[in-house]
Structure formats: C-alpha cells, structure tokens
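*Asks:* Each chain, written out:
Number of protein chains: 6
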Amino acid sequence: RYGQMETEDPIGTATGLAYTAFGGDILSIEVSVVPGKGKLQLTGKLGDVMKESAQAAISYIRSRQAMLGINENFYQTNDIHIHVPEGATPKDGPSAGITMVTALVSALTNKRIRREVGMTGEVTLRGRVLPIGGLKEKTMSAHRSGLTTIIMPKDNEKDLDDIPESIKKDLTFIPVSHMDEVLTHAFVEGD
Amino acid sequence: RYGQMETEDPIGTATGLAYTAFGGDILSIEVSVVPGKGKLQLTGKLGDVMKESAQAAISYIRSRQAMLGINENFYQTNDIHIHVPEGATPKDGPSAGITMVTALVSALTNKRIRREVGMTGEVTLRGRVLPIGGLKEKTMSAHRSGLTTIIMPKDNEKDLDDIPESIKKDLTFIPVSHMDEVLTHAFVEGD
Amino acid sequence: RYGQMETEDPIGTATGLAYTAFGGDILSIEVSVVPGKGKLQLTGKLGDVMKESAQAAISYIRSRQAMLGINENFYQTNDIHIHVPEGATPKDGPSAGITMVTALVSALTNKRIRREVGMTGEVTLRGRVLPIGGLKEKTMSAHRSGLTTIIMPKDNEKDLDDIPESIKKDLTFIPVSHMDEVLTHAFVEGD
Amino acid sequence: RYGQMETEDPIGTATGLAYTAFGGDILSIEVSVVPGKGKLQLTGKLGDVMKESAQAAISYIRSRQAMLGINENFYQTNDIHIHVPEGATPKDGPSAGITMVTALVSALTNKRIRREVGMTGEVTLRGRVLPIGGLKEKTMSAHRSGLTTIIMPKDNEKDLDDIPESIKKDLTFIPVSHMDEVLTHAFVEGD
Amino acid sequence: RYGQMETEDPIGTATGLAYTAFGGDILSIEVSVVPGKGKLQLTGKLGDVMKESAQAAISYIRSRQAMLGINENFYQTNDIHIHVPEGATPKDGPSAGITMVTALVSALTNKRIRREVGMTGEVTLRGRVLPIGGLKEKTMSAHRSGLTTIIMPKDNEKDLDDIPESIKKDLTFIPVSHMDEVLTHAFVEGD
Amino acid sequence: RYGQMETEDPIGTATGLAYTAFGGDILSIEVSVVPGKGKLQLTGKLGDVMKESAQAAISYIRSRQAMLGINENFYQTNDIHIHVPEGATPKDGPSAGITMVTALVSALTNKRIRREVGMTGEVTLRGRVLPIGGLKEKTMSAHRSGLTTIIMPKDNEKDLDDIPESIKKDLTFIPVSHMDEVLTHAFVEGD
Ligand SMILES: [Ca+2]
Ligand SMILES: [Ca+2]
Ligand SMILES: [Ca+2]
Ligand SMILES: [Ca+2]
Ligand SMILES: [Ca+2]
Ligand SMILES: [Ca+2]
Ligand SMILES: [Ca+2]
Ligand SMILES: [Ca+2]
Ligand SMILES: [Ca+2]
Ligand SMILES: [Ca+2]
Ligand SMILES: [Ca+2]
Ligand SMILES: [Ca+2]
Chain A
1105 RYGQMETEDP
1115 IGTATGLAYT
1125 AFGGDILSIE
1135 VSVVPGKGKL
1145 QLTGKLGDVM
1155 KESAQAAISY
1165 IRSRQAMLGI
1175 NENFYQTNDI
1185 HIHVPEGATP
1195 KDGPSAGITM
1205 VTALVSALTN
1215 KRIRREVGMT
1225 GEVTLRGRVL
1235 PIGGLKEKTM
1245 SAHRSGLTTI
1255 IMPKDNEKDL
1265 DDIPESIKKD
1275 LTFIPVSHMD
1285 EVLTHAFVEG
1295 D
Chain B
1105 RYGQMETEDP
1115 IGTATGLAYT
1125 AFGGDILSIE
1135 VSVVPGKGKL
1145 QLTGKLGDVM
1155 KESAQAAISY
1165 IRSRQAMLGI
1175 NENFYQTNDI
1185 HIHVPEGATP
1195 KDGPSAGITM
1205 VTALVSALTN
1215 KRIRREVGMT
1225 GEVTLRGRVL
1235 PIGGLKEKTM
1245 SAHRSGLTTI
1255 IMPKDNEKDL
1265 DDIPESIKKD
1275 LTFIPVSHMD
1285 EVLTHAFVEG
1295 D
Chain C
1105 RYGQMETEDP
1115 IGTATGLAYT
1125 AFGGDILSIE
1135 VSVVPGKGKL
1145 QLTGKLGDVM
1155 KESAQAAISY
1165 IRSRQAMLGI
1175 NENFYQTNDI
1185 HIHVPEGATP
1195 KDGPSAGITM
1205 VTALVSALTN
1215 KRIRREVGMT
1225 GEVTLRGRVL
1235 PIGGLKEKTM
1245 SAHRSGLTTI
1255 IMPKDNEKDL
1265 DDIPESIKKD
1275 LTFIPVSHMD
1285 EVLTHAFVEG
1295 D
Chain D
1105 RYGQMETEDP
1115 IGTATGLAYT
1125 AFGGDILSIE
1135 VSVVPGKGKL
1145 QLTGKLGDVM
1155 KESAQAAISY
1165 IRSRQAMLGI
1175 NENFYQTNDI
1185 HIHVPEGATP
1195 KDGPSAGITM
1205 VTALVSALTN
1215 KRIRREVGMT
1225 GEVTLRGRVL
1235 PIGGLKEKTM
1245 SAHRSGLTTI
1255 IMPKDNEKDL
1265 DDIPESIKKD
1275 LTFIPVSHMD
1285 EVLTHAFVEG
1295 D
Chain E
1105 RYGQMETEDP
1115 IGTATGLAYT
1125 AFGGDILSIE
1135 VSVVPGKGKL
1145 QLTGKLGDVM
1155 KESAQAAISY
1165 IRSRQAMLGI
1175 NENFYQTNDI
1185 HIHVPEGATP
1195 KDGPSAGITM
1205 VTALVSALTN
1215 KRIRREVGMT
1225 GEVTLRGRVL
1235 PIGGLKEKTM
1245 SAHRSGLTTI
1255 IMPKDNEKDL
1265 DDIPESIKKD
1275 LTFIPVSHMD
1285 EVLTHAFVEG
1295 D
Chain F
1105 RYGQMETEDP
1115 IGTATGLAYT
1125 AFGGDILSIE
1135 VSVVPGKGKL
1145 QLTGKLGDVM
1155 KESAQAAISY
1165 IRSRQAMLGI
1175 NENFYQTNDI
1185 HIHVPEGATP
1195 KDGPSAGITM
1205 VTALVSALTN
1215 KRIRREVGMT
1225 GEVTLRGRVL
1235 PIGGLKEKTM
1245 SAHRSGLTTI
1255 IMPKDNEKDL
1265 DDIPESIKKD
1275 LTFIPVSHMD
1285 EVLTHAFVEG
1295 D
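Protein chains in written order, with our numbering: chain A, 1105 to 1295; chain B, 1105 to 1295; chain C, 1105 to 1295; chain D, 1105 to 1295; chain E, 1105 to 1295; chain F, 1105 to 1295.
One chain only, chain A, in its complex shape (with noise of 0.2 Å):
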C-alpha cells in the first residue's frame, strides 16, 4: 500500500517526510532523468514554494555537479522530471528539499537509496540546511510507515523531546546541517 516503506531500496525514489492541516504522512520524491535538452518539470500538485525548493535542489547539484560525480554536461544533455505521487493531493513548503536533492543524486549516479530512511529539511543553495515545522506529527507518521531513520535539520534537535519516548526507541535520529551529510547516510553503503 502506498504510505508504506519501500519492498527494495530504491534509485531515484527519496521517501520525505510532510507535515499537513490533517497531520503527519510520507511521500516518495520521485526522479525521472532521460536524454533530452535540459526541461525540468515538476508535477504532483506541487505549490509555489515547493517548485521553487525544486529548482534549488537542481542549483546545488549544478553547483557540486564534480564533486558529487555526476557527469560534466547532465543538465544539457537530460530532461529531468520530478513527480510526487499522489497527484490529486496539494503539496507544498520548503522541507522536501533534502529529499529532492537526494532523488536527483541517486537518480543521476544510480546510487541506491536506503529505503528505511525518511527525511525532512530545507535546502539553501550552499548546502546548508535549514529547520522545518511539524518534527513531531512527521516522526509519528514515518514511524507508523515503518521507517526506521530519520535525517533531520540539526537546528530542530531542540525539537525531539516532544515526542513520545515509545515511538523514538524505535527510531534512529541524524541530525544534519549540511546536504553532504544527507547524502552520506541516505545512500546504501558501498553504491
């Protein structure tokens, strides 16, 4: 059923982490790279803010482009698609992007993707990455989905304690303040 980990660990599938008017849930960020002339599109009912935490995504991966070993011309030489399923459902904010640019790293180097990890956080264009809203109702939503790491802005640390001490001994928390980290512990070891 959709809302539940992934079977495999995936490439090109990051599983975040969204916090909405009805509460905690999990949503894959999916990522579609084929030959073509550089297109970026951007499809799931996604908000402004959330497109725009996309492109952000694309930036610093053009900006790494060598040091994340993704080829020289990939952005000329792809369109890239990112979907996130369910399409009748609104999305939007800035937290799923650590989650995109961790799709598009896998999507272009074929690194796989761990699939017990969930993850949240902003994005900026260095790297950094930024806190998010909603750590609690998130943590609950993944646990109940059978996720078993969650990669976090370090800045909400301060935020852990609030939730239950019966759903965080089942959990692992990394706490991140830079995309390197993400990538680190979101990819199989060894890809």
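If you're looking for bench data, these hints aren't it; they were derived computationally from the structure.
Any given hint could turn out to be false.
Said to hold, decoys possible - Pairs of lysine-lysine, PhoX-like flavour, derived with a Cα cap of 25 Å:
(1) C:1149 to D:1258
(2) E:1149 to F:1155
(3) E:1155 to F:1143
Dock chains B, C, D, E and F with the ligands against the given chain A, drawing on the hints supplied.
*Replies:* Here is chains B, C, D, E and F with the ligands on its own, set in the frame of chain A:
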C-alpha cells in the same frame, strides 16, 4: 453511440473509467503521434491534475522506452497529442494515468488494445499503480457500456465487496500493482 | 449580407452551425495557410473548448495527411490561421470540429466546398463524429440563411423528429459517423 | 492637435473611426516595419478583439502578398509594430480591421494614404468587409475632424439615413464589400 | 538626495515629469545597453501603458536608426534594460514617452543629456508628441527639484496660463510637436 | 542557527537587512553561477519588486563587467540562480538591491564577503544607492544577529538618530551613495 464499447480493437485509443459528480462514466483516451519536434498537446477540457498525469505517463514511457520496444528518439522526432473527447465535459484527477500510458504505448508500437477492457489507476514515474476512488460507480458504468474486463489497482481490491454480485458475475477484474501488468492484459495477444 | 449563404463555392471557408443563448446562427470558419514555421493562430473570440477543438482538427489532419492528399511537411512549412468572423461575438463549444477539419482540408488541397452545405459535429483525433446539441435551432438558422444541405452526427438522428416538416422538406440531411463521410459530401464533386 | 486630420498624406498611418461610450472619435493606426525576425507587436491599450483583428489583418496580407506587390519574405524578415495612440485610452472591437490592413499595406509598399479619408469596417481572412456599429457617431466625429471621405461597409448603407443632411452634404461615402475596394480608394492615385 | 537634479550631465539617464495622486514628481529613466540578443527589459513597477510606451519608444528609434546615427544592428546585438527607480513606487501612463526615447538615444549614441532639463510628452511611432495631463503639477515639482528647462508638448501650451508667474520666471519652456525637437534641446551641444 | 552571522567569510552569499510587518530580520542572498545559456532564476518567494531589483542588479553588473574584473561573456555562458532562504517566507521590496549586486559580484569573481557585514539599499542601473525604510528595525536585528558593520544609503544618515546609543556603540555604519563604495567595504581586503 459514444459511451459504448469500441467496434474493433483500436490502436492509440484506450478506455478509461471516470467518476464524477454525476456518477461513473467511461472515457476514451485518444493519442495521435505525428512527425514533429517533441511537442506535447493535451486537450479535452482537462484539469491540472489530469494534465500532470499525462506528463507523468510520458516520462514513464521515456524512461522505459527500450524495454517497451519504442524507438530511441521517439520523443524528439514526434509531436504527441492526447485528446479526451467529449470536448465540452470537464475532466480531472490522476486516475486515468494507466489508461494514458496504455494509449501512448499502443500508438507508439502499433499494438492493438482489447476493446472489451476498461481501466483505472494512478501511475507513478516508476510505474507503480496507486489506488483510486469511485471503483463501484466506475465499474457499473463500464458494465453498462458493454466492457467485460476491468484493470484496477491492487490496493482497491477491498472495494470489490461493494459492487453488486449481478454486475460482478459479468466482469473479469484484473488487480495490478505495476504498469507492466496493465500492458500485458490490455494489448491483444500476439500483437 | 453576413449570415447568408456564400455567393460562390469557396476554398478554405466552411459554414458551421452554432447554437447560442440567442438561438441558432451560422458561422464561417475561415482558414488561411501561408508559408511559415508551423505556427497555429486561432482568432474570433473563441472559447477554450473551441480552441482545443481546432487543435484536434489539426492533429486529425496531420495523422491522415497522406490519405488526404496533403503535402508531407505542410505543418512545419506553413503558418495556419483559423478565424471565425464576427470578431466581437464570443463563440465556444466542440461542435464546429468537423467544420474546421473541412475548411482546413479545403485550404490545404484547394478543393472547393459546396456553398449550400452547413455542418455541425464534434470530431475526435481518430475522426469519429460525436453528437452535438441544438440541432433544431441550428437547422432553422441554416434554412433561413438559404443552405439546403445539413451534415450532422449520426447520433443526432433522433433529434430530427423535433424539426418542423415545413423546414425539413427544403433540406437534405446527411447523418455521418466519421470525418471521411463529411469530406465526401462537403467538397464539390470532381474537385 | 491630435484628433484632427493629418497635415500631409502619410505612409504607414491610416485614420479609423471609433465609437465608444463617450461618442464617436477618430484614431490613427500607426504601423512601423523594421528589419527583424517576424515579431508582431500590438500596443495602445488594445482589447483582445482588436488584437485578434490585427492578427487577421496580417494574415490577410500574408495570403495576398504577391497580389499586393509586397516582398515574398516580408513577414519573416521584419518586425511589425502596430500602435494606436493615445496610449492611455482603451480601444477595442473589430471595426478597425480595414484601417489596419490599409496602414500595413501602406507601410509595406510605401504608398501614401489620402489624409482626408477615414474608414471603418471589420475584415475577414478572405478580405470580406463586415458591418460595424455606430456609423452615425463615427461619421459626425469624422466630419468634426475635417475628413471628407468615409469608407464604410456596404452592409451599413441602410444606416446612412440616420445621419443629418447638413453633415452628409460635406462628405463622400464609399460603401465597400471587399478589402480590394478599400485600398483602391484609400491610396493616393499614382502612388 | 533622489528627487533632485543630477550632479553632472548624464549618459543614458533622462529626467521625466510625473503626475500622480500625490502630486507632481520627477523621475529618472535609466537605460542600460549591453551586448546581447535583442531582449528588452522594463522594470520599476511600470504599468501596462508605460510598458507599451517603452515599446513604442524602441520602435520609433528602430525606424529612425540611420538618421539618429545609431548602428544598424543595435537591436539584434544588444540587450536593452529600461529601469525607473524608485522600484517600490508604481508608475504608469504614456507621458514618459519622449523621456524614454531621449534616454535610449543617449545610451545608444553616448550623447550627454543636459541635466537641467525635465520633459513630458507621449510619443507616437512616427515621432509626433501628444499632449499630457498635469502640466502645472509637473512643472512645480520640476522647479522644486532645481530643473530650469521644461520640454513639453506644443498642444499643452494653453496650460501654461495656470502656472504661477513666480515659478514660470525661473523656467524655460520648450513646446515641441515632434521628437526631433526634443532631442535637439535635450542633448548637450557639441556632443 | 539561521538568522545568525555566517561562521566564515563566504563567497556568493551576502547578508541583507529586511524590514517586515514582524519587525527587522536579516536574510541571506545566495548566488549560484553554473555553466549554461544565460538563464536567470529567482527563488525564495520573492515579490515582483524584489525580482525587478534582481534584474537591475544583473544589468548593473553587465554594464560594468570589465571594471569589475568579470569575464566578458559571463552572462551568455552561465546560468545564474539567486535564492533567498527561508523559502516559505514572502520577501519583497527594492532594498536588497546592493546586497544582490554584492553577492553576484562575489560569485562571479570568487571574492570573499566579510561575514560581519550587513547591508541595505536600493540600487539603480547606474549604481546609485537610494534610501530605504526601516533602518532602525533593520539595525537592531543586525545587532541581535552578531553583525558589526552596516552598509547603508547616505540618504538615510538622518535616521541614525532614532537608533539607541546602546546599539550604535557596537556597530560601524558605512553610509554610501554609490555601489562602488559598497563593494569596497563588503569584500575581504586582499581578495
Ligand atoms: Ca498519503
Ligand atoms: Ca516535506
Ligand atoms: Ca459520456
Ligand atoms: Ca479515470
Ligand atoms: Ca451572425
Ligand atoms: Ca457549431
Ligand atoms: Ca481622441
Ligand atoms: Ca474603429
Ligand atoms: Ca520621488
Ligand atoms: Ca511622466
Ligand atoms: Ca529569519
Ligand atoms: Ca532588504
């Protein structure tokens, strides 16, 4: 009469199941592929979610092109038009996703689609089939139109309980969780 | 006077039948094809549905180009303008579909259209002719304007009952279910 | 003063007659043609109908280019700007159609337009001249401005009855049904 | 302080006179011309009429390029940016037309503009200068700002009566009916 | 924590001072320059005035490129992204103008920006620095964030009176009237 089963197994036209304020309905997804420059046209008073659904369908096919037996440069060298008649009726939602992929693959490979098949299901960039709403109403409308086979999301199997036995006995239900299964069952065998 | 039959069999102009809040009317669909780069222009205060209808008309012709005796590269090497005078009157709906295809094919092949013919019907990408509304009012307006032949969707045959005998006796009705039939009856024989 | 007749026979500027909520007025249609890439610019606070009217004017000229003595590639090798001063006054409607064609042809052929001529009439893609509203008010405004010749749609001849004799005696009316007649009367003889 | 006369005769910046709900004001029209591809950028919270005014200014210059001593390909080989500071203040109307032409010609020819000159007037594609509103308020604001010369439309001469003698005695008014006269008086002699 | 001074002197990121309904705040202007085709991207929920401000910043740099030591073709051969984190917070106004120029020049020349410097001021195409609002609130927010130097418009010097002595004693104010002065004081010496 429109709203009835096709009179022969068509190429480039698949039958979807819609669920609106006025109940269930069937709708044709028509695809035309002509030599061009990679332009995608979407018509038939489609809402934003349905248009995004079409873009996801295209991206899915672009990323699986080799496996689907479709020419490598099909996207850059053709213009693609997806039209959903009756042009005055507003249509929306992601549930025509698998129908769009099926009509597109048929048009691109000249494989015939079984005219007795109706289908409904959201599709993701990776080909997963996600659950939809209104299965009961969609099924009853399919039955009225003379369809005999319904391809539907595996996650909707629980909704089969709500459909009257008198209708179910005339129909074959094919629950699927991936787009590959849809294509296997939608195309005429041997094509 | 505008709103009357043409004074000779025209090329690139077909007569459609409209049905508005003010009753039936006839309208000219004018097509101009000039050397260009594949630009399509739609004017005459057309609503979104009517514009999509024009795009479906173009796609139908592009996919049947060889069969219709139209040059292979006609679309990339011309600019096409579809205009519907009286420019201040809003027009909408899909029922001018077959009229648009007829005017386009005439302009592209230099075949003359019989000036005594009026027509109405939605067209799909595959050339099916779908039913329309307001046949009675459209027919009465055609009669007033001096037209003698009405091409109409086969699915509207049941609506002929509502038309007064005094009008029907002056008119020839040609019910059609495919675009091929429309063209057969709309063009001047021998052209 | 603006709102008066030109002081010499101009090239690329024709005088139209407008009818607004504030009564009749005359307006200049200015056309500038400069080497470029086929861009069309429309300014002067023009409404959508008036903009479409300009596009129809251009298409008419493109389809008659040879007959009008205009260079074959004029459209692809020039940028065309149609401007209607006074820039703060909203303008709309199709009745400036024949004025736009006249100003465009003048700019493209360097033929001078008779400065004492005002004109009004919708134009179709095939050059038919369709009737307009407000002939009485337009005529009185033309008279006030010192114009002596009014080119008008043949279908508006019946409206001449409403114009006071004291004004009609100073004016020559030229009723036309096709654009060719407009050009014959608008250009300075011998040009 | 902004709102005061420039401290030297600038290139590419001309001083316009504005009339808003808050009274008269002066505004700088800044033009930047850099090697590019013919892109025109208009910023400074400009309304639609003022943007169209800028486009008319450009077209006027393109059609007089040789006579103005401007390079033949200036438009295709440069990007042009017209900016009107203070960026947070909305501006609109056609009366900055002659100011825009002046700033553009200065930027394109490196001619210095006399810093003591303010100007107001709509410009047409053919260079005619049309009357504007608010001459009194504009003049008083120009006086406060230290300007000594006002270029204004000849058709506004009648409005000079309304301006207090105490202000008029400090100012030189130059009424003009064509853009050529504006440039003659705006540029530093010998430049 | 975001909202605090950078931990080292950054390249391509400058600190602006904002004034909103909620008081003063500091904001980072991030610039990313990557090989591309001259595309400018502006993200971070920026209002229209702030976007125009960014365009003016770009044009200023393009017109001074040689003097600033920036490669001649930098604009055509790169894509530039200006992002202002926190992506969910709306931002507007022209007062980030000098901050944007500074961040852009830093990114294009690899010069380090002094991390203890905050700045505010509108910039014109010619590099003049125009006054801004909210200097008091901006200054207090800068002080809270640990900044020690404030670059501000010379025309705002009168507003320094309103700032408490207890804050002023910790801060160095640098009033400027031209962009050159901003760059002189913003970059790390020797860079
Ligand atoms: Ca969900
Ligand atoms: Ca999220
Ligand atoms: Ca139906
Ligand atoms: Ca459906
Ligand atoms: Ca009519
Ligand atoms: Ca119709
Ligand atoms: Ca007037
Ligand atoms: Ca008119
Ligand atoms: Ca001011
Ligand atoms: Ca002004
Ligand atoms: Ca903040
Ligand atoms: Ca600011």
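*Asks:* All hints, please: hold or fail.
*Replies:* Evaluation of the provided hints:
For the suggested pair residue 1149 (chain C) and residue 1258 (chain D), the alpha carbons sit about 24 Å apart, so the restraint of at most 25 Å is met. As the CA atoms of residue 1149 (chain E) and residue 1155 (chain F) are separated by approximately 10 Å, the hinted pair is consistent with the 25 Å bound. For the hint pairing residue 1155 (chain E) with residue 1143 (chain F), the CA-to-CA distance comes to about 22 Å; that is within 25 Å, so the pair holds.
Comparing the model with each numbered hint stated earlier shows that all of them hold.
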